[in-house]
Structures are given as structure tokens and as C-alpha cells.
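Spelled out, the chains give:
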Amino acid sequence: MSRDSGDIGTSSAGRRPDLDRRRGKELVIGRLVAHGRAHYQFRSEEDPSYYLKILTSSGPRTLWGKDLDRALRDAETQPKAGDLIGARRRAREAVTVTSRHRDDKGHVVSTSERITHRSLWVVEKVTYFAERARLARQVREDQVDAKATVKRHPELLSSFLSVRAAEEFAKNRIPSVEDRQRFLELIRGVLSASIHEGTPLPNVRLKDRGAPVKLMPLSKRRDDPTR
Amino acid sequence: MSDFEELPSVETVIEDPASSYWLKASVQTAIQRDPVEALNDALLLAALLDQRLRDAMQLGLLS
Chain C
3 MSRDSGDIGT
13 SSAGRRPDLD
23 RRRGKELVIG
33 RLVAHGRAHY
43 QFRSEEDPSY
53 YLKILTSSGP
63 RTLWGKDLDR
73 ALRDAETQPK
83 AGDLIGARRR
93 AREAVTVTSR
103 HRDDKGHVVS
113 TSERITHRSL
123 WVVEKVTYFA
133 ERARLARQVR
143 EDQVDAKATV
153 KRHPELLSSF
163 LSVRAAEEFA
173 KNRIPSVEDR
183 QRFLELIRGV
193 LSASIHEGTP
203 LPNVRLKDRG
213 APVKLMPLSK
223 RRDDPTR
Chain P
-14 MSDFEELPSV
-4 ETVIEDPASS
6 YWLKASVQTA
16 IQRDPVEALN
26 DALLLAALLD
36 QRLRDAMQLG
46 LLS
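Protein chains in written order, with this note's numbering: chain C, 3 to 229; chain P, -14 to 48.
Each pair of labels, with its calculated beta carbon distance range: (1) C/A36 / P/W7: 22 to 28 Å; (2) C/A93 / P/G45: 23 to 29 Å; (3) P/K9 / C/V111: 54 to 60 Å; (4) C/D181 / P/G45: 28 to 34 Å; (5) P/A15 / C/D85: 20 to 26 Å; (6) P/L47 / C/G84: 15 to 21 Å; (7) P/L47 / C/R72: 24 to 30 Å.
Please keep in mind that the hints were generated in silico from the structure rather than gathered at the bench.
These numbers come from a predicted model, not from an experiment.
Yeah, the Cβ is synthetic: ideal placement off N, Cα and C, and Gly gets one too.
Just chain P, same shape as in the assembly (with noise of 0.2 Å):
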């Protein structure tokens, strides 16, 4: 069993409507770009909203 098998696909991230329109929007872009790029970018990008949540959970910005 592969870590990857519940990942839905493109299409349904974007055809769910429970989706929100920053994620179909970002898909949408990044799709368009170069594979290695936009997933090195995009592991950048993830690795700085963890950090972001985990500062903001350690300054008790999230109830």
C-alpha cells in the first residue's frame, strides 16, 4: 500500500466544492508550471505554514 493511495487527484481538488478557492486556485497555478519547480516551491511553501502554525499555537494566536 503506497503513502500516496488516498491522495484524490487534481481534477477533484479542484472540482470539490469543499475546496476552499485559495487550494483550486493554487493548484490551478501550479499545474501550469514546472513539475520540480512548483513542488519545490511548494514544499518550501508548506514547510513555512507549519512553522507559521506552530508559532502561532506557541504565542496563543489560535483558540
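So here's chain C without its partners, still in its complex pose (with noise of 0.2 Å):
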């Protein structure tokens, strides 16, 4: 039985997967070795997939997975063999895949579908991840000039959008000053979190103004009791 997803996990010598799991979205860092497809793990029964071989500071390491490709070609920074260059998963996407039972000549005798996940990656030069890790950083912080900065990145303009409609959203309908700084510490750390994963920024669309709606207030919860 052959694995088509064959783009779950990390392998190197001595690598215990368990550890590479609860790792989740760590950003590899390493000098990118070389890159190609491949079928997983080099076995030639399993499914194809797609490889960068990367040299870390704890020795060489290989990624697996079918994004790998995709997150190479889209990258902004255009990375290749030899740069120093940071691997990171941004998400996980629902996928069914497809196992292909074989008999003992390797024909395809029987197959089955199960959904498992895939996960999606962002390759880069390492220096975008700084930039990134920068970026993330001021809109995370209070005292940002947001005119001046979005003049140097147009690309965080929805994010000071995102931040400017949530204080305005906060402004107008959560009473307790305490919810509001919490509300708006929680939109600031979501979008800062999401930049620094190179993941893409959201595009905010300003609506009209309607009439103010009566909302809970974050401090009571439904269940709370009401004395």
C-alpha cells in the first residue's frame, strides 16, 4: 500500500516524528541544499511529492510535501539552491486522498479514499521573514506612525484598516474599557501573528455606517449569572 498524501512531517536521521509534530509551525532555517520532486521519502512505491533539502544549524534536514513546489514558484523572493532561506507551515487544508492497494507484482489491485490534511508552506529568503517579523511588529505596537508606514508598505494598509475598524468597532459598541482593550489587543495580535507567518493579509472593505447595534458585553458571558 502505497501514502499519496506523502507531504506530512519532516525527516532527517534521528528526527523523531512526535517531536516534529508538537513543533507545529516553526520556521526552518537553513541553507537550501537542494530541491526537486521526488516520490516520498525516495521510496519508489510511495506517491509523488515534492522535497527541499535544507542545511540547519542541527545538520541537514529534508521537508516533504506536495506545497513545497507551489510555495517555491510563488515566492516573493524567488529563492534557490544555496540561499539561506526560512520553510514555514501556514496552514493545513482538508484534502481526500487516494491509497492504492498493490499485489505482490506492484499492481494496483484495490484503492480507498480517506481525507487527511495537507499542509500549506510559505518558502522564503530568510531576509523576508525578518522584513515580516519587522512589519508584524509595528502594527502590533501602539505608538506606530500607520501614515508613514503604509506609505513605505501599501501592503499593510488592510491591516491598518483591520485595526482602525476594530478600534471603531470597539469604540461604538463595547462599553467596559477593559473589553475594549482586550477586544483590540486580540485584533492587533491576530494580524501581527499572521504577518509575521507570511501568511497573506486580509483585504478590509470599509462599510457604511448603519445604526448601533446592542451587544453583550465581553465581561458577561451568556451563561454568567446576572447578580
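Assembly of the complex is requested from the two constituent chains, each provided in isolation within its own frame, with the hints serving as guidance.
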């Protein structure tokens, strides 16, 4: 039986897959040694996948994932062999995997389907992640000069608009100062994390303001006692 | 296929005009040392530099 997903986890000598899974969205930094299409784990009976060989500070490491091919092609910085790169799983999407069951001669005798998850990657030169980290800090920090920053980085406009929209929302609809601050910190945190991880920035449209809607304060949950 | 297949040889690195002077000097010094001690130190150095890079990224010191 072969595995079609072929893009789960990383591998290198002595590495424990359970530890890799626990690491989740870690940024793997290293020198890109090689990349290309190959059968998963270089085993001919496995399904086609894509690999990156990276020389990290803790030794060579091979990342597997069908999406790595797309991530490299779509990369803003177009990394190539020899570059210092960063690779990070940015999301997982559900996919239907077809498992092929083979007989002794390798002929497919039956197939079965199951739902699994495929990792979506961002692979860029390491300077890209440094820049994203810097931008994430700018959005997170309160005292940022939004106008000047957006002029330098127009791609951050939607993030600042999101923050502005959240501020407006909080001002009009969240009476508690404490809840308001908590809400805005949450929004800034989400946007900052999104920029930091290299995920696409959200598109924000300013809608016309309707009549304020009375919302239940964040400090009072539905099940809270009334007195 | 081995993870090391695409690694260049010591000679290639030393003769490669694209290699930095620091790397060439480090390789030339390292190959005169005990291999175990040299690798042990190099792994620590790599880990330190990895952390230094991550710290610099977090502090916004790179662009």
C-alpha cells in the first residue's frame, strides 16, 4: 500500500516525528541545498511529492510536501539552491487521499479514499521573514505612525484599516474600557501573527456605518449569573 | 539518496570564489583539528549563529 498524501512531517536521521509534529509552525532556517520532485521519502512505492533539502544549524533536514513546489514557485524572493531560506507551515487544508493497494507484483488491485490534511507552506529567503517580523511589530505597537508606514509598505494598508475598523467598532459598541482594550489587543495580535507567519494579508472593505447594535459586553457571558 | 549528496567537498569550498573568506579560513583551520572536536565546536557555533539570527529577526535588526 502506498501513501498518496506524502507531505506529512519532516525527516532526517534520528529525528522523531512526534517531536516534529509538536513543533507545529516552527520556522525552519537553513541553506537550501536541493529541491525537486521525488517519491515521498525517496521510496519508489510511495507517491509523488516534493522535497527541500536544507542544511540547518542542527544538520541536514529534508522537508516533504506537495505544496512545497507551489510555495517555491510563488515565493516573493524566489529562493534558489545556496540561499539561506526559511520554511514554515502556514496552514493545513483537508484533502481526499486515494490509497492504492498493490499485489506482490506491484499492480494496483484496489483503492480506498480517506480525508487527511495537507500542509500549506511559505518558503522564502530568510530576509523575507525578518521583514515580516519587523512589520508585525509595527502593527502590534500602539505608537506606530500609520501614515508613514503605509506609505513605505502599502501592503500593510489593509492591516491598519482592520485595526482602525476594530477601534471604531470597540469605541461604539464595547462599553467596558477593559473589554475594549482586550478586544483591540486580540485584533492586533491576530494581524501581527498573520504578518509574522507570512500568510496573505486580509482584504478589508470599509462599510457604511449603520445604526449601532447593542451587543452583550464581553465581560458578561451568556451563562454568567445576573447578580 | 543521502542528505549529504549535494554537499560540496572541502577542496571545492576552499577553491570556490563565491565562498566567503571567513568560511575558507574556518574550513582551513578546522581540517587541521581533531574531527570530533572540530565538529562539536562547529555545531555549537551553528546553533549560536542560528539563535543570533532569530533574535535579530525578532528585534527587527535585519531587513
